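Undergrad: The primary structure of each chain is shown beneath.
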Amino acid sequence: MLPMFDGIDWLGVFFYILSAVIVVSALLVVFSKNIVHSVLWLVISFIAVAGIFITLNADFLALIQVMVYAGAICIMVVLGIMLIKRDDMNKTNMFNSQLYFGGAVALMVTFLTGFASYKINYSGNPPMVPENSVESIATLLLSKYVIPFEVVALLLTVTLVGAIYIAREVKADADS
Amino acid sequence: MQMDFSVIIPEIAMVSLGVLVLILGLILPKKSLPRLGWFTSFSLIGILALVVLNWNNVGTVSGGLYLIDQFSQFFKVIFLTAAILVVFGSMAYVDKHLGGQAEYYSILVFSTLGMMVMASANDFITMYLGLELMTISFIVLVCFRRNDSESLEAGMKYVLLAGISSAVLLYGLSLIYGIAGTVLVVEVGMILAVQQSLPLLLVGVVMLVAGLGFKIAAVPFHMWAPDVYQGAPTPITSFLAVGSKMASFAILIRIFVLGMFGVSLSWGILMAILAGVTIIIGNLVAIPQTNIKRLMAYSGIAQAGYILVGMVTASQAGVKAIMFYGFIYIFAVVGVFTAISYYYNLTGSDEIKDYAGLSQRSPLMAATMVVSMLTMAGIPPFAGFVGKFYLFMTVVENYLWLAIIGLIMSMVSVYYYLMVVLVMYRDRPQDSSPIVVSLPVRMTLIFTMLVSVVLGVYPGPLSEIINKAALSFFMH
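In the order they appear, the protein sequences are chains A and B. Take the first sequence: its letters are residues 1 to 176, numbered as in my numbering. Take the second sequence: its letters are residues 1 to 476, numbered as in my numbering.
Note that these hints are calculated values from the structure, not bench results. Fair warning: this is a prediction, and the values are worked out from it, not measured in the lab. A few of these clues could be false.
Residues from chain B that face chain A, not an exhaustive set, calculated with beta carbons under 10 Å [as the list claims (entries may be wrong)]:
| hint | residue |
| --- | --- |
| 1 | Ser6 |
| 2 | Ile8 |
| 3 | Val117 |
| 4 | Thr126 |
| 5 | Ile136 |
| 6 | Val140 |
| 7 | Leu141 |
| 8 | Tyr171 |
| 9 | Phe385 |
| 10 | Phe474 |
Backbone N, C-alpha and C define an ideal beta-carbon position, used for all residues, glycine too.
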C-alpha cells in the first residue's frame, strides 16, 4: 500500500478499474467484426475477472480462472475458428437481424438487475478467508462437498466418452 | 467428518453399473454386445429394488448437502422405472440403428444417476451438477444416430439452448445466493421466510423459472422440444420426455416449494399463468402435426403445463399431485414411444399417415397406443384421469380459471389423440402383413398398458404412499 495516498480505499479503486476493463472488453467481444479479435478481448475480460477474485482474497480461484478460462477455453475457441475458417476474417462475427431487439432486451435486463441489486443491502460479515485457501478447498472438496465433487468427475467421464464416440463414428465411416 | 454412506447405496450402485457397462463393452466379443441391454436392464431392476427396500432408510449425507427422504426416494423410483422401460424398449432399436451399445447404455445409466442426484440435492451446487450430468448425457444420446444430419442438428440445438438455459439458471441461483448467503435450500427457505419481498429476489425467481422452464419445456421456453424430440433416437426421445422433465420438476419443487415457501405468493401467480399458457399453446399447436414424434413433443409440452398446475399452490396436495401424475406419465409416454420406435424399426417412418391399419397388423401396439394416449388425455377409467383430478383439485379454490382452461384443453387433446387412433383403426394398411413384436418390446407394451389401466381403476394404495412421501418433503 502506498503511504502517501493513505485514506484512499485501494480495494475500491482496483474494483472499479477492473470492472471497467471487464465491461469494455466484454462489449468489444460482441462488437468486434473479426472473431479472432473477439477471442483476444475475451482473454482480457477473463484476466480482469481473475483480478477481481484476487481483490476478494480468492487466489486459488483467480489461478484457475486464468488457467482454465483465459488459457484452455480461449485456445479451444481459436482451434474451433481455425477449423471453420472463412474467406474474409473481417466478416466472421456478424449480427443477425435481431440486433436492435436483442440489444433492447439486454439493456432492459441490465437495468432491472442493476436497479434490484442497488436496492438491496448485503448484510452480514462474510467469514474471513483463510490464509492458505488451497488447503482448505482441498479438505472441503473431499469431505463436505464430496458428492458434488464426484458428480463432476462423472460429468467429465461422460463428456469424454460421448465426444470420443461421436467423433470416432465419423472417422470410421470416412474410412469405409 | 463421519458420513453414513448406507443411504446412498443406490447412487453408488449406479456409478458402478455405468462404469461396469463401459468396461464390459471393451472386453466382451463384438457379437455378444447386444446382451448388454439385458444386463443393464436387470441391473437397473436390482437397483430399483434397492431403492424400494431402503424406502425408510432416510437421512442426510455430507452435512445436509444431500438429502434422502421419501420424496427423493419416490422420484428415484420414477427415474429408475423410466430407465428400465426405456432400456427394454430400445434394445431392438439400438442393435439395428445405433451400435455402440456399451456407450449407449452406460451414458443412459449416468443420465439416470444425474436425475437421482437432482432429486436428492439440497443445495444449489449439487442440484446444478446433477442437472448438468443429466443434460450432457442427453446431449450425447440425442446425437447418437451416427451420420444422420437430423440427429446431429437436434444435438447441436440442444447443446446451444441447454447452455443458454443453464447460464440463466446459474445467474438466478447466484442472485438467490447473494440474498440468502447460503446454498442450502432449507436454509434459504428459513431466511427468505422472514424477509420482505425484494426486487432482486423477483429477478432471481424469473431467471430460475426461465432456466427450469426450458428443461420442462414450458411455453415460452419450449421451442427446442419439437426439433430435438424429432431428431433424437426414439427411445431417447421418450426418456427425454419423462426423465428430464420429471427430474427438473423435482428440483423445481425443491427450490420453490421448500426454498421459497415464504414468498410463494409472488411466484404462485407466475406459475399459474405459465401453466395456463403452456397448456393452451401445447394443445393447440399439436393439432396440425403430421409427424408422430412432433405430435408427442407438443403433447409433452401440454403435459408439462398440467404438471405445473400442481406447483401453483405450493401445498402438500400439489406436490402429491405432481408425484402421482409423474408416475403415471412415465408409463403412458414410454408405452407410446416404445410402439413408435418399434414401428420405425420396421417401416422407417414416423409419419402419422403411415400408421394406417396398425390395428390389423399388430393389435397389441395399436391397443397400447390407444390406452396411453387416452391416459394422457385424461379419459376415465385410465390412470391419467385420476392424476389430472388430483392436479386440478388443488387450484379449484383460488385459481378456478386455470382449472377451466385445463379441462377445456384436455378435451381439445382428445381430438388429436383420437385422430391417430382413427388412422390406426379405420384406414387400410398398405402392407397388411402382421407385425411380430419382439419379447422385450412386448413386455414393455403390456406392462405399461396394465399399469395405466390398474392405476386408473385402483389408485388408492399408490396415492397413500405418495401422500406419505409428500408429507416427508415438508418435514425439514
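Undergrad: For each hint, tell me whether it holds in the structure or not.
TA: Do the hints match the structure? See the list:
Residue-level restraint check for serine 6 (chain B) is violated (minimum Cβ-Cβ distance to chain A is 15 Å; threshold 10 Å). The beta carbon of isoleucine 8 (chain B) comes within 8 Å of a beta carbon in chain A, closer than 10 Å, and the hint placing it at the interface holds. The criterion of a C-beta within 10 Å of any C-beta in chain A is met by valine 117 (chain B), whose closest approach is roughly 6 Å, and the hint holds. The criterion of a C-beta within 10 Å of any C-beta in chain A is met by threonine 126 (chain B), whose closest approach is roughly 5 Å, and the hint holds.
A hinted interface residue such as isoleucine 136 (chain B) counts as satisfied when its beta carbon comes closer than 10 Å to some beta carbon of chain A; here the least separation is about 6 Å, so the hint holds. Proximity of valine 140 (chain B) to chain A holds as hinted, the smallest CB-CB distance being about 3 Å (cut-off 10 Å). The interface hint given for leucine 141 (chain B) is met, as the beta carbon of that residue sits about 8 Å from the closest beta carbon of chain A, less than 10 Å. Taking 10 Å as the C-beta contact cut-off toward chain A, the hint placing tyrosine 171 (chain B) at the interface holds, the least distance being around 9 Å.
Using the Cβ-Cβ criterion of 10 Å, the hint placing phenylalanine 385 (chain B) at the interface with chain A is not satisfied: the shortest such distance is roughly 38 Å. Hint status for phenylalanine 474 (chain B): violated, given a least beta-carbon distance of 23 Å to chain A, over 10 Å.
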